[in-house]
Structures are given as structure tokens and as C-alpha cells.
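So in this note's numbering, spot 92 of the sequence shown is number 185, and the numbers just go up one at a time.
Please note: incorrect hints may appear among the correct ones.
[Stated by the list, open to error] With beta-carbon atoms standing in for the labels, derived distance ranges:
| id | residue 1 | residue 2 | range |
| --- | --- | --- | --- |
| 1 | 157 | 216 | 34 to 40 Å |
| 2 | 161 | 202 | 32 to 38 Å |
| 3 | 220 | 176 | 16 to 22 Å |
| 4 | 179 | 199 | 22 to 28 Å |
| 5 | 118 | 179 | 33 to 39 Å |
| 6 | 182 | 156 | 35 to 41 Å |
| 7 | 198 | 172 | 17 to 23 Å |
| 8 | 118 | 97 | 18 to 24 Å |
| 9 | 118 | 223 | 22 to 28 Å |
Derived by calculation from the structure, the hints in this document are not laboratory data.
Even for Gly, the Cβ is constructed at its ideal location relative to N, Cα and C.
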Amino acid sequence: DKVPGSVFRELAVGMWDTKPQTYRYTEIKPLRGSISTNLGELDSAFWHRHALFWSLSSHFWKAPESSQYVQNILYEGSQIHRRYEAGMGDRFAGSYAGYMDPGSTVLYDLERYNGGNAAKAAAVRKSLDPS
94 DKVPGSVFRE
104 LAVGMWDTKP
114 QTYRYTEIKP
124 LRGSISTNLG
134 ELDSAFWHRH
144 ALFWSLSSHF
154 WKAPESSQYV
164 QNILYEGSQI
174 HRRYEAGMGD
184 RFAGSYAGYM
194 DPGSTVLYDL
204 ERYNGGNAAK
214 AAAVRKSLDP
224 S
């Protein structure tokens, strides 16, 4: 129920050394697989009820910045997170969409961020935005 030291180090070094430098932080909060609710796993967006911990990475920049500068921040941040996911292996349960990865597809994002709820999320999306 711990983040392996090598994975934590990779995350910390990535957050510290990645260019361009920005204000950034990562939170790792223990859940220990104990989220309780009367809702079933497929009845809400939070399908990771069995998760041992939750993490959040955020990057900030001052406006105005060029579009390329912001894209570099987003790209480097996603690369740090991909290495974190790979290091966690089977212990990594999934992700939630804060901002969609511009290099991804809608279907992939729905499955990755919503697990077994992907079909339901796709139906809701289509009903609200048929395009």
C-alpha cells in the first residue's frame, strides 16, 4: 500500500527538473481501499473504490504565455505522469479527466477515465453534445 521508493523518486525528480519550470505540485493521499458509499461501483464516476491511494499533479503558469510554452508544460507534465503510471504497474488503477490529453482519442479517454462507466459517459456526452 505504498508508492515504491524508485517511483516516488522518479516523480519527484521529474517535477523538479522538468523544463520549462513552473509552479507545480503533486499530492498523494492514502485511501487504503476503504471508500464507502451506498452507490455501486458502476453508479458513479468514481469507479476506483478499491484504490489504495489517490494522487493529483498540477502545473501552473503565469498569463500571458505563448501557446507553445503552455503545450510544452502540458506535454512534459503528461510524460512525468506516464512514467509514474508505468512504475506503479498493476497498482495504478486509472485516471480522471481534469483536462483531456490533446494527443488522445475521445473513446480512449472515456475508457481510461471512466472504467466500466465508459459506455454510460459516452451516452451522456452524446445526448448533451451530438456533434
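Of the hints given before, which are not true for this structure?
2, 3, 5 and 9
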